[in-house]
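Chemist: Assemble the complex: chain A is given as a structure, and chains B, C and D must be docked to it using the hints.
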Amino acid sequence: MAIELLYFAWVREAIGLDGETVEPPKEVDTVAKLVDWLAGRGDGYSEAFADPSRLRVAVDQRFAGFDTTLEGVREIALFPPVTGG
Amino acid sequence: MAIELLYFAWVREAIGLDGETVEPPKEVDTVAKLVDWLAGRGDGYSEAFADPSRLRVAVDQRFAGFDTTLEGVREIALFPPVTGG
Amino acid sequence: MKPVIRVQADDFDPAAEAARLEAGGPGAVATFTGIVRREGDLVAMELEHYPAMTERALAKIAADAASRWAVTALTIIHRVGRLTPGARIVFVGAAAKHRGDAIEAMHFMIDWLKTDAPFWKREQFADGRSDWVEAREGDSAARARWAGK
Amino acid sequence: MKPVIRVQADDFDPAAEAARLEAGGPGAVATFTGIVRREGDLVAMELEHYPAMTERALAKIAADAASRWAVTALTIIHRVGRLTPGARIVFVGAAAKHRGDAIEAMHFMIDWLKTDAPFWKREQFADGRSDWVEAREGDSAARARWAGK
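Taken in sequence, the protein lines are chains A, B, C and D.
If you read the first sequence in our numbering, its first letter stands for residue 1, the second for the next number, and so on.
If you read the second sequence in our numbering, its first letter stands for residue 1001, the second for the next number, and so on.
If you read the third sequence in our numbering, its first letter stands for residue 2001, the second for the next number, and so on.
If you read the fourth sequence in our numbering, its first letter stands for residue 3001, the second for the next number, and so on.
If you're looking for bench data, these hints aren't it; they were derived computationally from the structure.
Take these hints with a grain of salt, some might be off.
[Unchecked claim] Just so you have them, the derived chain A footprint on chain D, three or more residues with Cβ under 8 Å:
(1) 3042-3049
(2) 3104-3115
(3) 3127-3134
[Claimed, not checked] Far from chain D, some chain A residues (derived; all Cβ distances over 10 Å):
(4) I3
(5) V22
(6) E23
(7) P25
(8) V28
(9) T30
(10) K33
(11) G40
(12) T68
(13) L70
(14) E75
(15) A77
(16) G84
Backbone N, C-alpha and C fix where the C-beta goes; we use that ideal spot for every residue, glycine too.
Looking at chain A on its own, in the form it has when it is part of the complex (with noise of 0.2 Å):
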């Protein structure tokens, strides 16, 4: 099942990239799994994801938990905590 992706802010930053479309394993089910599952690529991406407590997550391009299910979902956007205003 491919997801896209989508890195705002330092977190594009540090991985180098907007965003990029994954095929991640069945076993990666939410999207704290699919945080574990990048962040083990090593390099910008263990730097990027070192500390979940520093992201947050849309699902879908709605505002939503890490314990969020993957299924069906087709875009995931990470980023740190929002600054606008």
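Modeler: For chains B, C and D alone, kept in the frame of chain A given last:
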């Protein structure tokens, strides 16, 4: 002791004057007594001052209570509760 | 910081007032504009005031706001005379480094202006009827709210 | 009532936005404008966002405000891209019959915008240093405050 009186809104309309100079007797030594004394003039005055709970006062251009002394006072304004803004 | 305080018959330019508050790059600007409502058969609102006292009363409200919040600029403008539906009556604005200070100072000033500035409104209706607006209980409550803050 | 929601690189005209809110003679208009502070050696602020999500997030904030207060018009405008000190970043406005509704709806929208819209700020300094702005604890507290109202 001469005091300048000013009337606003329906107080002004009831009395039919913007203001006037009065010289109340010595025993009229607070705003409350002044209002009573003015009400005693009858006609528009008794109408305007029939219910002191509907009145507000400024003494020398500052909001004040009815127990304010008249000693040394130059200007007293009598009016309904304000409705600006 | 010297607040801008004006009492005038003429309309004002909200853009010019906002520009003045924004000058210097304060971070946050909050404004309130009161407008004569278009409703029912209201044809005009007559604003009477106590000229010798009005500017002093408004300056005191601004000074109280400046003593409670870290603001960089304050403006209070109030119109008097005959105003028709849709016309601006009052403008209150505050600039500050932080948004909370700007918004609270603005809110405080308009709440206090309702109870602590010598203005009286008379409404004129299409049938010729004309009534002095009664003070609202809610306005005293809104003012009292700030005492505990 | 359809809120005005815009995300744009260009500046906006606060006078035109205020005029839109004042149209119809609502009684009360409250606005907030956020500005890049002129302070220290800050030379620019870079605003990044999540284009596919941003307008939806802002529309949800406006819809939440409309469901809580009796408002007649709402506006949220947020700029993106490179902004220099003194530049406007954000405009939030609410029109209502009563001042409390306009002010509270405006305050709610800017508080929620700080925590619930996908924008990220990067500050650039004169010495070439550049840092992502950290989210403030106070912003979450400001948002949480509305839960009890």
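Chemist: Which earlier hints turn out false for this structure, listed by number in ascending order?
Modeler: Numbers 14, 15, 16 - these are the hints that the structure violates, sorted from lowest upward.
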